[in-house]
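Each chain is listed here by its residues.
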Amino acid sequence: MSSVTQRSRANRTDRSGEHGKEKTESIDFKMVTFSLGGKDYGIDIMKVKEIARLVNFTYVPNTPSFVRGVYNLRGEIISIIDLRALFNLPFVQKPNSEEESGLILRLDSNLIGIVVDKIDKVVGISSESIQPPHPIFGDINIKYISGVVENDGRLYIILDAERILGKPEANDSIEALLENNRALVAEQDLKPPPQAMQQNTRPEATGLGDDTQFKTFVIEELKALENFYVGEVNQAWFDLRFAEWKKFREGKQLQLRSQDDARAFLEGFLSPCTGQLWTTEYLDRIRGLLPDKASRLFNVWNPGCGRGFETYSLAVCLKNKFPDSQVKIWASDKDLLNISSAPNLVFAEKDVPDYYKDHVTQGKNGLSFSQKIKEMILFEYHDVGNHHALPPMDMVLARDLLSWMKQEARYKFFDESQELLKSGGIIVLGAAEKVPERDSWKTMEKNSVFFAVKS
Amino acid sequence: MRVEYINPFVESAYSVLTEVLNMEVHRGEIYLKSNSMSVLGVAAIVGLAGDVEGRVLFDMSQATAINVANHMLKEMGMEAIETFSEMGKATITELANMITGQAVTKLHNLGFSFDLTPPALFTGDNMEVSDHKVEALIVPIEMSLGKIEINVAIRERN
Numbered sequence: 000m001s002s003v004t005q006r007s008r009a010n011r012t013d014r015s016g017e018h019g020k021e022k023t024e025s026i027d028f029k030m031v032t033f034s035l036g037g038k039d040y041g042i043d044i045m046k047v048k049e050i051a052r053l054v055n056f057t058y059v060p061n062t063p064s065f066v067r068g069v070y071n072l073r074g075e076i077i078s079i080i081d082l083r084a085l086f087n088l089p090f091v092q093k094p095n096s097e098e099e100s101g102l103i104l105r106l107d108s109n110l111i112g113i114v115v116d117k118i119d120k121v122v123g124i125s126s127e128s129i130q131p132p133h134p135i136f137g138d139i140n141i142k143y144i145s146g147v148v149e150n151d152g153r154l155y156i157i158l159d160a161e162r163i164l165g166k167p168e169a170n171d172s173i174e175a176l177l178e179n180n181r182a183l184v185a186e187q188d189l190k191p192p193p194q195a196m197q198q199n200t201r202p203e204a205t206g207l208g209d210d211t212q213f214k215t216f217v218i219e220e221l222k223a224l225e226n227f228y229v230g231e232v233n234q235a236w237f238d239l240r241f242a243e244w245k246k247f248r249e250g251k252q253l254q255l256r257s258q259d260d261a262r263a264f265l266e267g268f269l270s271p272c273t274g275q276l277w278t279t280e281y282l283d284r285i286r287g288l289l290p291d292k293a294s295r296l297f298n299v300w301n302p303g304c305g306r307g308f309e310t311y312s313l314a315v316c317l318k319n320k321f322p323d324s325q326v327k328i329w330a331s332d333k334d335l336l337n338i339s340s341a342p343n344l345v346f347a348e349k350d351v352p353d354y355y356k357d358h359v360t361q362g363k364n365g366l367s368f369s370q371k372i373k374e375m376i377l378f379e380y381h382d383v384g385n386h387h388a389l390p391p392m393d394m395v396l397a398r399d400l401l402s403w404m405k406q407e408a409r410y411k412f413f414d415e416s417q418e419l420l421k422s423g424g425i426i427v428l429g430a431a432e433k434v435p436e437r438d439s440w441k442t443m444e445k446n447s448v449f450f451a452v453k454s
Numbered sequence: 000m001r002v003e004y005i006n007p008f009v010e011s012a013y014s015v016l017t018e019v020l021n022m023e024v025h026r027g028e029i030y031l032k033s034n035s036m037s038v039l040g041v042a043a044i045v046g047l048a049g050d051v052e053g054r055v056l057f058d059m060s061q062a063t064a065i066n067v068a069n070h071m072l073k074e075m076g077m078e079a080i081e082t083f084s085e086m087g088k089a090t091i092t093e094l095a096n097m098i099t100g101q102a103v104t105k106l107h108n109l110g111f112s113f114d115l116t117p118p119a120l121f122t123g124d125n126m127e128v129s130d131h132k133v134e135a136l137i138v139p140i141e142m143s144l145g146k147i148e149i150n151v152a153i154r155e156r157n
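Quick note, the sequences are listed as chains A and B, same order.
First residue of the first sequence: 0, per numbering that gives the first Met the number 0; consecutive thereafter.
First residue of the second sequence: 0, per numbering that gives the first Met the number 0; consecutive thereafter.
Derived by calculation from the structure, the hints in this document are not laboratory data.
Zero decoy hints are in this set.
In the EDC-like style, the derived pairs of lysine to aspartate or glutamate whose C-alpha atoms are separated by at most 20 Å in a straight line are: (1) K32/B <-> E415/A; (2) K373/A <-> D50/B; (3) K327/A <-> E3/B; (4) K32/B <-> D382/A; (5) K333/A <-> E155/B; (6) K373/A <-> D350/A; (7) K327/A <-> E155/B.
Please put together the full structure from these sequences, using the hints given.
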C-alpha cells in the first residue's frame with residue numbers, strides 16, 4: 000500500500016467526512032477497511048503490518064476451526080485466523096491453493112494473519128467521530144468492537160484487534176475455556192486434515208485465539224524441557240490437561256519455566272503401574288483386550304519396557320491366559336541402565352500381588368521371576384528409532400513411549416507395527432495415548448484402555 | 000541387541016586391552032547406532048554365527064593402530080614398526096581375535112553358543128560400514144595410544 004494513495008484517499012475522505020453537526024477537522028485515525036459477510040469493518044492501521052494475498056496455508060491439527068493454519072511470511076511463521084469463521088459469518092471456503100485476501104496484524108505479543116472476504120481501502124477519520132458500539136451490531140460480540148464510524152456514506156465497524164486476537168483478559172471465565180477445550184477434544188477426534196479443514200462454522204469458536212497461543216507455548220516448552228512431543232497420540236490428553244492446568248495455575252504464569260513445571264504438567268500422564276508390577280485390577284483390564292484363543296505361538300513386541308516390570312507382568316498374564324501357547328516377548332529399551340537390570344529384576348515380597356505368587360522364586364537378593372517366565376522374554380538394548388528384525392507379532396505393547404518420540408519417528412513406528420502385526424493382533428499404547436486411525440486396524444476402547452486391532 | 004550380550008564384549012575388551020597393553024584403559028559411554036558410519040582407517044572384523052548372526056568391528060585410525068601394535072610388540076620384546084606393515088596388521092588382527100574370543104567364551108558360560116570367523120582387516124581412507132536392519136552397539140575405548148571403537152552388530156536368529 001503506497002503512502003501516496005493513502006494520503007490522497009485520506010484527504011478526500013477528510014473533505015467529505017462530515018456527519019451530523021461535527022466536522023472532522025483533523026485526521027488522526029486511519030483504518031484499513033474490509034468486508035466480512037457483506038458488512039464493512041475497519042482495523043486501526045497502526046495494528047496492520049501489511050495487506051497480503053494469503054495462499055497455501057499449512058494445516059495444523061487440533062486447532063479450532065477458525066484457525067486456518069500457519070503461513071510462512073518470508074521466513075516468519077505466523078498463524079492465520081479466518082475472521083469469518085471466528086465470527087460465525089457465512090462464507091465459502093476456497094480451496095487451499097486459491098489466494099485469500101488477508102491482513103497481517105502486529106499485535107503487542109506477536110504477528111497474526113487474518114483472512115477476510117475483501118480488502119477495501121484505507122480510510123482516514125477523526126477519532127472524535129468514532130461512536131461507541133451499539134448492541135444492534137449483533138453479528139459480532141460487542142466486546143470486540145471499539146466503535147462505529149460513518150464515512151463517505153458507509154458505516155464501518157471498527158474492530159479491536161488486540162481484544163480479539165491478543166492475550167486473554169483476566170475475566171475470561173475458566174468454565175468457558177474448559178467448555179471450549181472439551182468441545183475441541185470431542186470435535187477433533189483424529190480426523191484427517193482435509194476433512195478438518197472444511198469444518199469452519201462452529202458456534203463456540205469466539206475468543207479462543209489467545210488460548211491457542213498459550214497452548215503453542217506449552218507444547219514448545221514440553222518439547223524443550225522434557226522431550227515430550229504433543230501430537231496425534233496424546234493430543235486429547237494434552238487438551239484436557241491444558242484446561243486443568245489453566246485452572247490450577249489461575250492468575251499465575253501458564254508457561255512452563257522450568258523442568259519442575261514441565262514435570263508438574265506431565266503429572267498423571269504415565270500409565271497405571273509404571274515402574275512396578277501390574278496390580279491384579281490393571282492386569283485384568285489388559286487381559287480383557289486379548290483374543291480368546293491364541294495359536295501355538297504368541298509373539299509380543301514391547302518396546303520402551305524400562306526396567307521390565309510391565310514385561311514380566313504381561314508375561315505372567317499371558318502365561319495364565321494361554322497356558323498351551325508358546326509365548327515370546329521381545330522387550331527393549333534404549334536406557335542402558337534400566338534394560339541392563341531387567342533380566343535379573345528383583346523385588347521385595349510386599350510388592351508382589353498374589354496373582355504372581357506361583358511364578359516367583361526366592362533368590363539371595365530378593366524375589367525374582369521363575370526361569371519359565373524369564374525364558375519367555377528377550378530383553379534387548381535397542382532404540383525404536385533404529386532398524387530391527389522381528390518376527391510377526393500378535394501384540395504390540397508400547398506404553399508411554401511414543402509421546403517422547405518425534406512425529407516422524409511415530410509414523411515410522413506405526414508403519415513398523417502395522418507390518419509386524421498379524422491379522423487380529425492388537426496394539427496397546429499408554430493410558431493417555433490413543434492409537435491413531437489407520438486403514439489396516441480398527442481402534443477401540445475397552446476397560447478404559449484404548450487399543451487397536453489389526454484387520 | 001540382547002542385553003546379556005553387552006557385558007561380555009565390554010568386559011573382554013577392557014580386560015584384554017589392559018592386559019596386553021599393560022596400561023590404563025577407559026571405557027567411554029556406550030550407545031546405539033543404526034545408520035552407516037565412517038571407519039577411521041583401520042578396521043578389524045570378526046564374524047559371529049550360531050544363536051546369532053552378526054559381526055564385531057574394531058575401528059581405529061592408522062596412527063592408533065601403529066601405536067597399539069608397537070606397544071604390544073615392545074611388551075613381547077620385539078622390534079617396533081614405523082609403517083603399518085604386515086607385522087602391524089597381524090598384531091591388530093590378533094588383538095581383535097583375542098577380544099572377540101574372550102567375549103564368546105564368556106557368552107558360552109552364560110549359555111549362548113557363538114562361533115567366530117577368522118578375523119579380516121580392512122585399511123584405507125574414506126571407508127564406511129553399513130548394516131542392513133541391524134543396529135550396532137558402540138563401545139568406545141580410550142587410551143593414551145588413541146581411541147578404539149568396538150562396533151558390535153548382532154541379531155538373534157528368528
